[in-house]
Amino acid sequence: MLPEPASPATPTGLDLWGQQRATPHQGWQGPAAGPKGQLTHTERKWLGGCVQEVKAMPLGVSHGIAGTLLGEMALCAKKRPPEEERRARANDREYNEKFQYASNCIKTSKYNILTFLPVNLFEQFQEVANTYFLFLLILQLIPQVSSLSWFTTIVPLVLVLAITAVKDATDDYFRHKSDNQVNNRQSQVLIDGSLQQEQWMNVRVGDIIKLENNQFVAADLLLLSSSEPHGLCYIETAELDGETNMKVRQAIPVTSELGDISRLAKFDGEVVCEPPNNKLDKFSGALYWKESKFPLSNQNMLLRGCVLRNTEWCFGLVVFAGPDTKLMQNSGRTKFKRTSIDRLMNTLVLWIFGFLVCMGVILAIGNAIWEHEVGTRFQVYLPWDEAVDSAFFSGFLSFWSYIIILNTVVPISLYVSVEVIRLGHSYFINWDRKMFCMKKQTPAEARTTTLNEELGQVEYVFSDKTGTLTQNVMVFHKCSVRGRSYGDVFDVLGHKAELGERPQPVDFSFNPLADKKFLFWDPTLLEAVKMGDPHTHEFFRLLSLCHTVMSEEKNEGELYYKAQSPDEGALVTAARNFGFVFRSRTPKTITVHEMGTAVTYQLLAILDFNNIRKRMSVIVRNPEGRIRLYCKGADTILLDRLHPSTQELLNTTTDHLNDLDEEYYEEWAQRRLQASLAQDSREDRLASVYEEVESDMMGPLWDLQLLGATAIEDRLQQGVPETIALLTLANIKIWVLTGDKQETAVNIGYSCKMLTDDVTEVFVVTGHTVLEVREELRKAREKMMDSPHTVGNGFTCQEKRPSSKLTSVLEAVAGEYALVINGHSLAHALEADMELEFLETACACKAVICCRVTPLQKAQVVELVKKHKKAVTLAIGDGANDVSMIKTAHIGVGISGQEGIQAVLASDYSFSQFKFLQRLLLVHGRWSYLRMCKFLCYFFYKNFAFTMVHFWFGFFCGFSAQTVYDQYFITLYNIVYTSLPVLAMGVFDQDVPEQRSMEYPKLYEPGQLNLLFNKREFFICIAQGIYASVLVFFLPYGVFAEAARDDGAQLADYQSFAVTVATSLVIVVSVQIGLDTGYWTAINHFFIWGSLAVYFAILFAMHSDGLFRMFPNQFRFVGNAQSSLAQPTVWLTIALTTVVCILPVVAFRFLKLSLKPDLSDTVRYSQLVRKKRAQHRCTRRPGRTSSRRSGYAFAHQEGFGELIMSGKNMRLSSLGLAGFATRSGSGWIESLRRKRSDSPGSPPDKPLKG
Amino acid sequence: MTKMKKTSQICQSKLPDNTALKQQQLPAYRLQLSATGVLSGFFATGAFCLGVGIILILSAKSIKEIEIKYTKICANCAELREDAINFDKECTCSIPFYLSETMQGNVYLYYKLYGFYQNLYRYILSRSNSQLVGTDLKDVGNCAPFSKSHNGTPIAPCGAIANSIFNDTIILSYNLNSSIHMEVPMLRSGITWWTDKYVKFRNPSAINLSSAFTGTAKPPYWSKPVYELDLEDTENNGFLNDDFIVWMRTAAFPTFKKLYRRLNRVQYFIEGLPAGNYSFNITYNFPVTRFKGEKSVVLSTLTWSGGSSLFLGLAYTVTGAVTWLAAFSMMAIHLMLKEKRTLFIER
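Chain order of the listed sequences is A and B. Counting in the working numbering, the first sequence runs from 1 upward without gaps. Counting in the working numbering, the second sequence runs from 1 upward without gaps.
What the hints contain is simulated information worked out from the structure, not anything from laboratory work. Incorrect hints may have been included.
Within a straight-line C-alpha distance of at most 20 angstroms, the following computed DMTMM-like cross-link-like pairs (lysine to aspartate or glutamate) qualify [said to hold, decoys possible]: (1) A:Lys434 with B:Asp17; (2) B:Lys340 with A:Asp1161; (3) B:Lys197 with A:Asp1047; (4) A:Lys290 with A:Asp507; (5) A:Lys1152 with B:Asp136; (6) A:Lys588 with A:Glu624; (7) B:Lys224 with B:Glu339.
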């Protein structure tokens, strides 16, 4: 019933603050489509889907119903029929105007001064809670029904609306400001043959604009020409996709000549292209000019939001402007997630409404009977209202009156308070120094503020491997050349040496160009190189040639490699240290220092890496004139086509070389050119051409040699095994979903302690058909059930609502099992008829590893668990391929500072190291859950204690809907007198110190089992509230009924009674919050005592003579507080009420502590008696041998292959010089920056020793 | 160099502040329900409650109080009042009673109504404070259904509360012997709250009261206008009439007693009300039988805490007893488990 927002807006704005704070540019970023061209097909498809989802709600123009309204109001964005294709002619505004394309004015703001109030209110009243309170307000305006003053509802409502409105207004103000700033940016537009300064918003489609270095691109432009050779220009796309590396764009050759203004002014080409869309990495269109057609691709486009770098100037033709740009098309909000407590709360609120109606009905019936029996006779003193003609009708009216009075059981402040608490918890996450990564300077970030307490309930963690569990920092670990393996270190006795006991690393001092940071322990490899072993030489030659690394040499001998993927860098660095130094490259050559001598190879082709091919090749002509193809790639890909490798290697890249026939090459090169010129599906065509040459060479026709294999270690991140062990102890099941191959995944499983020696058996499911998979799963289950091996605590999968079938397996499981399943088996296992079987098997296992899974499968696995286990899932990952599962899981966590920020953008929480997960869950999550539960319990308690008093009073006031309290008390009770102490508890409370929750991971369990706030707990608090209300009403009633004041006057006047009941209520709930607060900080003290003080201050102020004299009709309680609270009887009553309300609670808690303490009680107790023993402390288990502690991840990025081959990034001057061997300052970045004029002279060659 | 400095500053700004608040390390007292704390608290509370309870019971017992319901005794008058036609017929009723013990000290005379709902929502609302405070006699905004008379003049005092004022006159006579009947001297002053008498109720300012109330009508059930409530004492006339003020302080429950007079301790009555024969002479005006109500007169003394209420004393005693009971059983449970728990912790 309550907030189920029609719009993607958040239920109350407060969490928007968090979001706004978390991502100041959120509107600009959104979950971008895979901008990297390297995604696999599945990935791309899926991401496309997600983007579609986003497109449905672009920020500026969609906000639910209000959004469409706004969209129409937006001045800049006129509604047009959907475009089918876009035509834009350069320098022809008249022609372009007839299409009515959107101008370059953008509007992300939602309101203007006039529309703010109506539109904002309209939006806010879409919240069910707000509407409900509005409905109450309207009810109150009916005089016959009104039982409270109008302000008792309107004050809290206005307060809540005002807070939200102020926040919305502030947000919108900043949006206006940024809109204005952006719209008023200056750009140089070519108008009537001359460059004129224009504001961005006046730029039209078809204009030619000039950009200068470091300027933002104003609209989506077709690059026409630039200051750089070949019409190249460089852009940074950080604002678009979060990647900070530079990208290169190139004008098509025909326009790249158009350098000067007079020629550009005459340019009248027409662009015909696809309609606006949000695909950042796709563009298809054509330029028609001089009766020819030139295909256009994304490579020719400069997108709005990019920054021009290292390029003096460039000219571009505006193709999409303003809201049509890809940036704006991509801005949107991610799907709104809610927590299970949210859902429970909504259910409970519905129940409370039901309860409210029941109470209303009872009281209404009471009223009808009373009016019939007594009221009719009492009419002498109080005639019925004119509208009331029967007792029945009076009862009907009193129903509504009571609905108004009793509405405080669900106060509007509940929702605001929950948001405030969550916001506080989010800040604590952001502020946590223990989740701050010093190395990367990244703090943890709560990107959504609505999920915090769910962090305390996680049962399943789905983790990516590369970059999440591992560092994604590749280290050249081992290699094998011609069957001889290098890299293992043996001690004197010939045993493999462990990590800690390694001898000195290999000395690379012979090589002045060696990388000092590179470490290798096996001296035999260097010996082999030095001995001149041809195979080893050829092996390292491959490593130094077959790559797309760029080298930069700032000073003589100081080489810096820029690699697109860390493993490529690791390989080239290894070759460098072993004497095959990749020194510099030009489009056509690669210069390598082979054991000190410079050798220049002619580079004929680079067949670049991508995720499908999983390999790359280069074709070079060596100084002897032979054409060779060097290929390296993932072992599975290469070995599939070759004889099986015999080497004991874990993570391998195999390397091949092959001599090529000159003619064959020529012919193939021709076809490649054609493919690369193809307009549509260029990438597919290229891939097939590449495939052809590689498979040909690997085929029987050619003499292909396997040179060797390399093992690159992807080190585990710091603290991963400990974290996993701790989370496992906390009964969190961790599933690793990785794109890696099975062996790697299993090894990582061992090294990060997911799989241990305690595991009875690891089931490996690798079936290729449905039947095989089913059979394998069945066998695994049978084994688990039949196993004679029984370990005491074998029981693993705890379930809240297990189906009978599931329990049967779970109960029978003895021992610890692990499941490893392959991507293709998973595809079958996830089919509708097998998914339950799979889930059942997987959940019975202690560890689950899914390897070779696609992003979509990751999401499916998460969805499966989410759907059937009714458990809270958390997905953690770092890359674009994890976005799907991050979005699917209840909680998505992104590892920041690794591969780009797509995962982070899609995530709810982000930090930079996996190990912080334990703190996020066990400390922050646990506390959030605890606090939220305590908060809710207390909140419902206090409101029932408050409201139910009216119900009891109904029986004594003829069910006339008379309130017990002063109306001001009703207004202020929830927003002033009792709000802050419970907020302070909800924000600051701690049951045990944070170290303890790490020491005793079992403390996490109550959250998983949902023990602290569920329907049962809810009824307990309700019952407690009702109990308190009974005492708070009937004790004063009992006393007042007979007693007199000490001056003889009547004690039981209505006003004294109201003050007594209100005061005892405030004191009772204050004492109760004092009891509930486990962690009394100064703030808690301040709020609790402050609330009491404020209560009395306001009470006395409201009852003062001064206010009465000014407003005699409003402040009727004049003199009451002074007079009543001076009576000893009143205070004795208050004291008794407090004692009777509180003591049973204390007794109950004490008994529970003694008889049935839960773990946190015990932990606290043990602390109290200063016997800190860590029984559940996570003990370190002995590590595995280091040989298994390795991981592998292959490059996820396409290299610079194409760019290198085109030579476009090389200066003419440097090209000329690069033909010679070495040259200082040949770093490519450096060369890009240098102007043609001040190109440095080349120092003389310095032959290297060695 | 400056660049270095700048970057290090940026780095520092990213690192969250190391404040106790942000790191959730605020110094705090951890609330712990320790056995000693809880049990000693229980025993102390129990002792306090028992003590207060016994004192309250004892003081309540010391109170002398008699109550005489006179609706049935004055049945003829009640019947007369059933019919509105007889509104101007006077009916008096004498209720003799015997006081067996002297009522020591201050004695208070109350009237008590059963089943009269002064706490109905519309009834409580039906008054005009701005009129009663004398600033705006014409303000009868909230007074429905008794805001204006038939001819449209505003009623003063308006509203249902004022209209339904208790208008019996109760006179207590002391029958020293069969021939000497002596009216017991009673004070009508000091029966209202100070703020009521001096802040909440003021007469409109004018030369005399009757002119102040010109342009207003008397409440329909009243026999005389408000400025004639007490013609002898101007301080007790108009809105400032003590009986009126007492009535206007509405009761919380349908059964209530309101202070009517207090004993003027002079002559025979310096010590209080001596034992002997008394009679109440009641002018019966206020009809209660229509709504099945009852009226009674109450004579009572007071103690330090006010009027008689055994309830509070009993409640305290019971609470104290139960608290002690609970404390003992909790202590027993605690001692039984203590051994077990120490073992558990040490394990």
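Now the hints, each set against the structure:
1. A:Lys434 with B:Asp17: Satisfied, since the Cα-Cα distance of roughly 11 angstroms is no more than 20 angstroms.
2. B:Lys340 with A:Asp1161: 15 angstroms, holds
3. B:Lys197 with A:Asp1047: 15 angstroms, holds
4. A:Lys290 with A:Asp507: Given that 20 angstroms is the threshold and the Cα spacing comes to 64 angstroms, the pair is violated.
5. A:Lys1152 with B:Asp136: Roughly 62 angstroms between the alpha carbons, so the hint for Lys1152 of chain A and Asp136 of chain B is violated.
6. A:Lys588 with A:Glu624: Roughly 16 angstroms separates the two Cα atoms, so the pair holds.
7. B:Lys224 with B:Glu339: 81 angstroms, violated
Hint check: violations occur at hints 4, 5 and 7; the rest are consistent with the structure.
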